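There are 2 protein chains.
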Amino acid sequence: MPGQSVLQTYRWQVESRLDALLPPSDEPPANLHAAMRYAVLGGGKRLRPLLAMASALAVGSPADSGLDVGCAAELVHCFSLIHDDLPAIDDDDLRRSRPTVHKKFNEAIAVLAGDALFALAFATLGHAGDPDRIARCLSSLSQATGGRGLVGGEVMDVEAEGGPVDIALLETIHSRKTGALISSSCEMGGIAGGGDEMECRTLALFGRELGLAFQIVDDILNETSSSEVLGKAAGTDRDKGKLTYPAAVGLEASKSEAEKALDRALGHLCQLEGETTVLEEIARACVVRDS
Amino acid sequence: MPGQSVLQTYRWQVESRLDALLPPSDEPPANLHAAMRYAVLGGGKRLRPLLAMASALAVGSPADSGLDVGCAAELVHCFSLIHDDLPAIDDDDLRRSRPTVHKKFNEAIAVLAGDALFALAFATLGHAGDPDRIARCLSSLSQATGGRGLVGGEVMDVEAEGGPVDIALLETIHSRKTGALISSSCEMGGIAGGGDEMECRTLALFGRELGLAFQIVDDILNETSSSEVLGKAAGTDRDKGKLTYPAAVGLEASKSEAEKALDRALGHLCQLEGETTVLEEIARACVVRDS
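Note that the protein sequences, when read in sequence, are chains S and Y. Residue 1 is where the first sequence starts when you use the working numbering, and the numbers rise one by one after that. Residue 1 is where the second sequence starts when you use the working numbering, and the numbers rise one by one after that.
Since the hints were derived computationally from the structure, they do not count as laboratory data. Source: prediction; values computed, not measured. Check the hints yourself; a few may be wrong.
It does not matter which identical chain is meant; a pair holds if it fits inside one copy or across any two.
Claimed, not checked - With a cut-off of at most 30 Å between alpha-carbon atoms, the simulated DSS-like pairs for lysine-lysine come out as follows:
hint	residue 1	residue 2
1	103	45
2	104	255
3	255	240
4	45	104
5	260	104
6	103	260
Chain S on its own, in the form it takes in the complex:
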């Protein structure tokens, strides 16, 4: 599969760039910087930067031009995982097969390392290109992350625990908690790659549908997989009474919903004139995966 070696090359670029963006762990305050590096460099699929790079390619630019905005999205993703894992929120001890940040360090460092990664994400947008591209990326990322995006979705997710099954609410939660940042990753990749407004809008719509597909598969894996394979606790959604697709419509219908969302995502790609096979490759891998 030719896509795999391309994606592997992108992944190396992402790891190396994230490492360079993070403050060295021997610079004071060393504990904070060590926690930031632990949270970010501890593995992960790097879905968001890969999407940003492939989106730059899809508007006719080299994939590298999407690297920094993709890393900004990844830093936001890592910040949100640290805070979501806190005892006061999801209270998770395991992430990427290792202790969560508040377990490895402490709660104060976990809160503040999350905050510092969030700030670093916005600082990284300063590399998005000319001021016009920077301003457009700032608008995209800040809207994707706030009370009406990622953070609002997390609140709604926590508040829906143990509540009645409500498909409309579930879609809103998934769209905010996962869809918004994945959508922004694609949009920012297009912006940094010099895409026009229509192309970037198309990439945002592609990302929104893909985010839904991705989250439905996450819900399914939490139900059907093991902690060993996932690298984080499995079966927790059911234990906590989380509002998920399998809880709402069952496993089979969930799989079918994920496939439908993937099809809708791929349907947007024909409107782009650049190279879209890498985006398609990544999108399919979001739905067919074990962890």
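Since the structure of chain S is provided, determine the placement of chain Y on it from the hints.
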């Protein structure tokens, strides 16, 4: 004193703009939005937005042009107070004469409302003017808030508790924890007001010295004032063994250090060609205050 009525007008503009920027508390997730509004609209000196507005004036523009970037800085300030007050960090129950956010709501909401305010701050920079000004403000604010700014200063502050007196470390903590954001508020006001690089650099230096003066006075008031006057717990620095100016050099020398920093701050203003009397008024009020 003519400055007072000007500052009162600015303050009304700030309150009204913050109210408009915050999501309505009846919009879901209502709890999150209510907590964000509670944290931001519960009083406060509004020092950072006043400085941004007066800085715009000091580069020859109407003060209004600094309003939105000043509100962005205020949102960052409010986010940092929520997180600093958390049980895992400073564990404070009282802020601005009312229960802190985690006391009034809960810890999960406090963490996430802080995050959402941080995102809203960056979204607000989108109103800083043309893309060039937006990009410059993004660089200023993101650097002022990260591991090498506000958040890093908070970590160093917590880690220095109970440790030996170290004046160099104390200056670094104050410069990061308080100086960086106050400096950025002045710099961004200058940028949004169309100031050139030299003028904005001068405003940043003014803000850095003023931030130090302000924090020394904060240290003094924690030691000498009452919880009733301050609206937050007094005497806590000594109880916690915090590294402060009074602890390091005594009360009288602290007052003298604050005056010296104020003088250094004011010394920068003569390099600006616009109206600087309002900046001077604000600066003097930072040092001569009861709360």
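Results of checking the hints against the structure:
Taking the shortest Cα distances, residue 103 and residue 45 sit within 30 Å of each other inside one copy (22 Å), while across copies they are farther apart (37 Å). For a Cα distance limit of 30 Å, the shortest separation of residue 104 from residue 255 qualifies neither inside one copy, at 35 Å, nor across copies, at 41 Å. For the homomeric pair residue 255 and residue 240, the shortest alpha-carbon distance inside one copy (22 Å) is at most 30 Å, but the shortest distance between copies (55 Å) is not. For the homomeric pair residue 45 and residue 104, the shortest alpha-carbon distance inside one copy (21 Å) is at most 30 Å, but the shortest distance between copies (38 Å) is not.
Proximity of residue 260 and residue 104 under a CA criterion of 30 Å is satisfied in neither setting, with 40 Å inside one chain copy and 43 Å between copies. For the homomeric pair residue 103 and residue 260, neither the shortest alpha-carbon distance inside one copy (39 Å) nor that between copies (44 Å) is at most 30 Å.
The structure fails to meet hints 2, 5, 6 from the earlier list, while all remaining hints are met.
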